[in-house]
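Chains as they are written, first to last, in my numbering: chain P, 1 to 412; chain D, 413 to 725.
No wet-lab data here; the hints were simulated from the structure. Hints are not guaranteed to be accurate.
Just so you have them, the derived chain P footprint on chain D, three or more residues with Cβ under 8 Å [unchecked claim]:
(1) 531-544
(2) 551-559
(3) 606-612
(4) 626-636
(5) 671-682
(6) 699-707
(7) 710-717
For glycine and all other residues, C-beta sits at the position ideal for the given N, C-alpha and C.
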Amino acid sequence: MNPNRDHYPKGEALHRSLSRRYRSASIWQTLFFSALVIAILSLAALLYNVVDGAFGYVAFEYKNDPSEFTSKALDDLNKQELLDILTTNLSSGAFKKLDNEKAMEKRSKSDLYTLVLERLIQIDTKQTWSMTDSIFRSSEIKAEVAKKYPDAKLEFRSWLTPVFLTTPMSSKAEFAGVRTAILGSLWMVGIAILFALPIGTGAAIYLQEYASKNFLNRVIQTNINNLAGVPSIVYGMLGLAIFVRALEPFTSGSMFGVTDSNGRTILSAGLTMGTLVLPLIIINAQEAIKAVPDSLRQAAFGVGATRWQTVWHHVLPNALPGILTGSILAVSRAIGETAPLIVVGASTFISLDPEGPFSKFTALPIQIYQWTTRAQSEFHSIAASAIIVLLILLLSLNATAVLLRNRVQRKY
Amino acid sequence: MKQENTIMENKIFRPLDLKKKMRPAESIIQSLLFISGVLSIFITVAIVYELGKEALLFFNNPDVTFAKFFGTTQWQPGIGLFGIWPLVTSTLVTSFIAMFVSLPLGLAAALFLSEYASPKARSALKPILEILAGIPTVVYGYFALLFMTPLLQKIFGDGVEVYNMLSAGIVMGIMILPLISSMSEDALSAVPRALREGAYAMGATKFETSIQVVLPAALSGIGAALIIGISRAVGETMIVAVAAGSGPNFTFNPFKAAETMTGHIARISGGDLSYNSIDYNSLFAIALMLFLVTLVLNLISQGIINRFRQRYE
């Protein structure tokens with residue numbers, strides 16, 4: 001084996017070799033730790049990059065001068081005056097279309113104000129800058145704008161505003177919001193959970209409380225573990241083939257008298273997402289049920305309860321927090337998933353709120369994907385704002401899950 | 413007289429035989445639960461059947477031959493080019509880069525967490541990895557396109573295209589890092605303490621113990637983590653769809669744009685796609701390949717883990 005085995009260092013040589021070994025040990029320890037530092041730095045860079053994109057200077061021009069439409073300053077106009085401007089200057093076709101979406105008289109003042117800006121004056125964004133640039137190179141940017149776009153206005157803008165959350169989609173980044181996307185995501189996740197939670201819990205109960213150790217049940221267990229590892233886009237293809245195409249009469253709603261829709265609806269997306277999170281829910285629910293002490297079951301059987309009575313009155317109530325934690329994690333997975341939604345056919349431009357399961361839909365991650373892949377930098381800014389919204393949503397979900405988990409741990 | 417006696421005995425002495433009591437509700441519930449359990453098998457069968465059916469339509473097309481599929485290097489099913497290689501090579505390149513990043517980093521992080529870190533440090537550091545694992549992949553796509561690519565362009569100059577496999581691969585590696593590190597850490601902490609104590613008793617340093625004793629003992633678990641990581645990398649869609657490029661390109665140059673299998677499915681199915689076209693069928697052929705590759709990888713990994721568990725229990 002090792003030829004040096006019999007020649008261990010002695011005396012001075014031993015000390016030298018020892019200090020060499022300690023040195024290399026401490027170098028490697030630093031290297032191992034630096035892997036974690038790299039992970040932390042990546043996370044910091046990612047978050048910084050997102051925040052950096054969501055705020056900053058923007059240079060824009062008015063395509064049409066506001067004085068063409070009104071003699072007053074734009075901010076001083078009241079609702080009726082705004083409405084008059086829209087009535088006189090918009091083409092009757094465009095006006096009718098807007099009126100059909102929501103009656104013009106019923107719209108709020110800020111809504112009308114946005115319409116005037118969007119349709120008549122038409123803001124033309126020339127360039128945007130990141131937050132860091134805006135803070136540290138402020139004077140340079142001002143000089144650059146004065147030279148390149150003499151007519152342009154420069155303002156520091158937060159792309160993430162309350163208005164951003166409450167306005168629907170728009171083809172102009174300045175007026176776009178995530179309202180329809182958030183509603184679409186909520187609808188979809190709701191359907192997914194309604195579908196997957198009962199079935200997933202049922203399957204977990206069967207596997208933990210009823211199943212004997214035979215071949216079929218081993219196959220079911222292995223299969224569930226494998227399904228959890230199937231790429232999400234494959235679920236998308238499954239959804240496309242089954243929910244969108246094969247079950248089209250059901251998912252498009254034509255079975256129920258809805259006519260203006262094909263199979264690419266919220267319902268299809270929700271069912272696809274439900275299929276995707278089902279294995280996760282089963283595995284988590286199994287863990288929760290496993291954690292219920294056997295003494296509870298023995299006691300219930302001892303006083304003559306049947307198996308189902310034991311499960312329903314003793315096992316499930318005790319496993320419930322764990323099952324809920326698992327389903328919250330499944331929800332946060334479903335909210336962030338993008339690939340299956342693209343395949344199932346999320347529409348990218350939806351300006352109307354979804355009305356029910358048979359509506360066409362868009363979702364938050366779909367909007368982020370769309371906006372990120374646009375070339376203009378103002379779309380990257382709203383993509384960054386949408387990412388912040390998504391991350392806050394996920395963070396609050398996960399915080400809830402952690403709190404629930406801690407409560408369970410305290411109990412046993 | 414005798415008969416009466418037995419009836420009396422029955423009534424008085426024998427306890428009620430509840431086992432034979434019919435409980436229709438109970439058995440209905442049990443069969444519902446069984447159906448929920450079996451549904452997962454239906455999902456697998458449905459995946460194989462649906463993907464297989466459409467993929468078969470693709471392979472039965474007279475234009476698609478085995479020689480063309482594996483022998484040519486251009487993929488444009490719409491105009492009769494059926495060489496799968498450009499999609500496969502870009503998938504391989506991005507996955508390789510991702511593993512090249514995530515395996516050493518993930519393993520080093522796992523070694524630190526399991527062998528060096530105090531319980532306090534571990535409970536502070538692990539949540540960071542968990543946050544990294546919880547970030548949606550489309551956000552990683554944004555990060556790859558708008559942070560990593562400009563950074564790489566600064567480092568490597570103009571040779572780096574706006575869409576490139578390197579940036580997508582590196583970011584994918586960061587995404588997979590938490591998975592590798594948590595699975596490896598599980599494997600490392602499953603190594604019995606006696607092995608470590610033995611090494612220390614022989615005068616080994618902590619580093620020598622970790623590398624020469626603990627790591628080899630946990631190697632199968634780490635192998636399982638590696639395989640799961642590869643399977644994740646192969647199936648990852650959004651990072652490559654955003655950052656790796658849109659258009660099949662037969663190249664091994666990581667600075668170039670090239671579309672992966674998953675990215676191709678996402679782009680083509682995102683557009684207006686008519687059913688029963690060769691494009692539509694070809695997507696299912698690709699998806700079937702993806703499914704089979706990841707299935708085999710997952711099964712191998714699970715097999716390794718099962719064997720590994722038996723060894724130390």
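Structure-based check of all given hints:
1. Interface restraint, the stretch 531-544 of chain D with chain P: holds (5 residues with C-beta to C-beta distance below 8 Å; minimum three).
2. Coverage of the stretch 551-559 of chain D by chain P holds [criterion: at least 3 residues with CB-CB distance below 8 Å; count 8].
3. For a cut-off of 8 Å, the count of residues in the stretch 606-612 of chain D with a CB near a CB of chain P stands at 0, and the three-residue condition is violated.
4. Counting residues of the stretch 626-636 of chain D whose C-beta sits closer than 8 Å to any C-beta of chain P gives 0, which falls short of three, so the coverage hint is violated.
5. Coverage of the stretch 671-682 of chain D by chain P holds in this model, with 5 residues showing a Cβ closer than 8 Å to a Cβ of that chain against a need of three.
6. Look at the stretch 699-707 of chain D against chain P: 5 of its residues bring a Cβ nearer than 8 Å to a Cβ of that chain, three or more, so the hint holds.
7. Here's how the stretch 710-717 of chain D fares: 3 of its residues keep a CB closer than 8 Å to some CB of chain P, so the rule of at least three is met and the hint holds.
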